[in-house]
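A.B. asks: Go by the hints and put chain L onto chain F.
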Amino acid sequence: MSVENVPSKPSENLNIVIVGHVDHGKSTLLGRLYADTGSLPDGKLEKVQAICRQQGKEFEYAFLFDAFLEEQEQGITIDTARTFFIWRGRQYIIIDAPGHKEFLKNMISGAARAEAALLLIDALEGVKEQSKKHGYLLSLLGVRQFAVVVNKMDLVGYRQDVFDGIEKEYREFLGQFKAVPERIIPVSAKMGDNIANRSDKMPWYKGPTVLDTLSLFKKEPPRSEQPLRLPVQDVYKFDARRIITGRITAGTLKVGDHVVFSPSNKRANISSIEAFNIDPPLTASHAGQSVGITLDEQIFVERGEVATHQEALPLVSTAFRANLFWLGKRPLERGRKYQLRVATKEVDCEVSAIHRIIDTMDLAQQQGSATVNKNQVAELTLRTKAPVAFDLSASFEATGRFVLVDEYDIAGGGIVTELVHDDQESLREEARRRDFAWVKGEVGVEDRAQQYGHRPAIVLFTGGRHTGKSFLAKKLETRLVADGRHAYLLDGENLRRGLDADLSEEERGQTDEMARRYGEVARLLIDTGLIVVSTTNPFGLAYQEAAQAIRTLVHPAPVIAVHMTKTNEEPPPNTDIVLSGPTDFDAATKQIMDELKRRGVLAQAIGAKPTFQYSI
Amino acid sequence: MKHLRQLEDQSVYILREAYKHFDNLAMLWSMGKDSTVLLWLARKAFFGHVPFPLLHVDTSYKIPAMIEYRDRLAREWRLDLVVGQNKEALAAGMNHTMGRVACCTALKTNGLKQLIEQKGYTGIILGVRADEEGTRAKERYFSPRDKHGDWDFRDQPPELWDQYKTTFPPGTHIRIHPLLDWTEINIWEYIKYENIPFIDLYLDKGDGTRYRSLGCAPCTTPIKSTAKSVDDIIDELRHTTVAERSGRAQDEGRGMELLRKDGYM
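Just so you know, the sequences run in chain order F and L.
If you use my numbering, the first sequence closes out at 630, no skipped numbers anywhere.
If you use my numbering, the second sequence closes out at 489, no skipped numbers anywhere.
Bound conformation, chain F alone (with noise of 0.2 Å):
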């Protein structure tokens, strides 16, 4: 018995996932609606019946897209499948996801993809605990349309009492986090009630098939009319060109528009909308378009920064708050490094909070862990060692979601829920507003590193009192000048009497203001295209402190941190060399000479003019 499917050309495709606990029927569900709309190719529903007889079981419509020999055998989905079929001027993207509670990390990997859901559950067996999970999941990872399909009604011989039930405990559950179902179906995969076909069994049931279901869900709404977010990829110059890439998260970018780059704060206007035959050429771009831009100003801008108008910025911390699913195979643990991902920024972080792990089964909440384990859900805190743009995820989808890797693989995924304030943040709007209203000349920072043979950074001397720090300064700052370099030693003790004078005995006991003025000079030097060799004495031992409110006011030129010692405590965050005990004085030289380089500070020879393609 098949529903008349009349090809059509489609207009758009719409991916959906099928969720649910294990064995309540989701690829028997499948199989059903392919073979009842005739979108199985030929052969296909023979060839599988035939390996059935071979083996000698009973055919199921499961088995058309459980794939795998073991899959078949074990009589459960493993591992997500995509099948595709047309519908109604719409082709769909379907995707299988497995039940088991082992395959988790597999279920999530489909609903992630997906624009709606259908969530099975089983008449007989009821609400179970991949119902709740997987119900609480999807609304954790965004998907806003599902709809509920009770299965197998035959086994309970079509009762409207047995569905009643169901549904009114499962609404229950939704409603405690708000999600609510488009509609709750009730169906019998196996026998085809409801699911092309109106079933005759159940009168009592007067709302749509599950095949009506998939027309009543929206393609989502494109999010071209939100704020522009364009996280930005790479940085290409393949030829004359020098192309920064994204994909659009958010928003309308057009030529002319002009756009500030988060957390640099750099700016330019965009001055083409690149493209690979495409003709005549794009004057604007809008959300979920993979884009190619070229900007009227030479500034270096790298991946992880993100693109927006300066209405409209995206938040810019080091710390969040966030709600997340861990799927690594050893348990979260507080402390731990792990790199964030939030869309292309990639950096590294530690949890420093976990405040409730939540039962996905009632919700309730545990407090008190030290760690999350594989498949629980927990509410916590997250510190990056940098700063990272990003938005609240009731705000902007894409920006406010994030994974964590640990090692060598994806183990965590979640969504932002607070930004959490750090003690930079001050500082940081500082520069935020001194730079949007920086008056510039005619002459870029590229223009300077083409004539000086370099690029502006500063070089962080930390540590405590006679570890010879001002020594290796004075020796660095000879050595690049001799080289050719343009440097220049900045000893806070300098700042003291002049540009501080005014600051009264017990402001200058204070480090805050202190560092706050240290860092506008280094920031100041720093733009006229000078590598700063600093040291940090006049602080003493608030050198920690100091150090970060420098980096913030001269972010996002290259901060070289050297931290020596001779007491072996714990350097400041970010140090890149430390120095401990007697130092080799020329070896030490060397070594920042060569960080200097590997950060692209020092192009190659000097004379030549630097080539780099690299971002400060």
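Among the hints, a few may not be true.
[Said to hold, decoys possible] Only pairs whose alpha carbons sit at most 30 Å apart, straight line, appear in this in silico BS3-like list of lysine-lysine:
#1 K58/F to K452/L
#2 K61/F to K226/L
#3 K61/F to K286/L
#4 K226/L to K232/F
#5 K244/L to K399/F
#6 K244/L to K251/F
#7 K485/L to K388/F
#8 K233/F to K226/L
These are calculated hints, taken from the structure and not from any lab test.
C.D. replies: Below, chain L without anything else, positioned relative to chain F:
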């Protein structure tokens, strides 16, 4: 043609992710319709350039017209073409009469593995599509292969939103599949839309047959068809219920599962 642009945007994003994360990257090109669309998408992603080598694993049994087409495009599009061949197996007389799975394994899978090992590639871009056959429907966009090139389909990495597996232990490599979401019709619609040059073996030239899928001459049979243009092909595909790879002998029985587990494309 909005849906084609959406597919293109996704594939271009994947290609750029691959280029960013893999220092030693290559793309497999069999000169068929899929890998040629893939090649075109690379030119889209990199603004007319193809910044990595194209690998052709030559079984020596390919249809001659395919080799001519390969060399012509390589010249015109200035491609860095790398041809690999399992010479040892060929010298030992390997051909399809020794068993189709054995022949595919020796000449294609092992030919590819030799090339990967020789050149030290860590990322291989392939044009496989989910709608082609069952095991490909279960692939990830970024799919790891172990030291032996084997695919552990029981334990595939999670793939969340636009975040892919781009880090991997030494000695292993990643297969990258930018065309996973494309269907056979999408491929032809895109060829038409972008006017991409393709081999005319896909068209009926008067004898009422054409190739729907191209492989080695002995193991690929033409189908009955009078499609003489891309439009004809698209129209034919909208009405057919015959599987695309019905003319490919290695798909019979469990051939593809066994082949792909061991590292077949």
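A.B. asks: Straight-line Cα separation of K485/L and K388/F no greater than 30 Å?
C.D. replies: holds (27 Å)
A.B. asks: Is the straight-line distance between the alpha-carbon of K61/F and that of K286/L 30 Å or less?
C.D. replies: holds (28 Å)
A.B. asks: For the pair supplied as a hint, K226/L and K232/F, confirm whether the alpha-carbon distance does not exceed 30 Å.
C.D. replies: holds (16 Å)
A.B. asks: Mind checking the alpha carbons of K244/L and K399/F for me, to see if they're no more than 30 Å apart?
C.D. replies: At roughly 22 Å apart (the allowed maximum being 30 Å), K399/F and K244/L satisfy the hint.
A.B. asks: Going straight from one Cα to the other, do K58/F and K452/L come out at no more than 30 Å?
C.D. replies: holds (27 Å)
A.B. asks: Compare the distance between the alpha carbons of K61/F and K226/L with 30 Å, and conclude whether the hinted pair is satisfied.
C.D. replies: Roughly 35 Å separates the two Cα atoms, so the pair is violated.
A.B. asks: Check whether the Cα positions of K233/F and K226/L lie no farther apart than 30 Å.
C.D. replies: holds (13 Å)
A.B. asks: Does K251/F sit within 30 Å of K244/L, going by the straight-line distance between their CA atoms?
C.D. replies: Roughly 13 Å between the alpha carbons, so the hint for K244/L and K251/F holds.
The structure does not agree with numbered hint 2 stated previously, though it agrees with all others.
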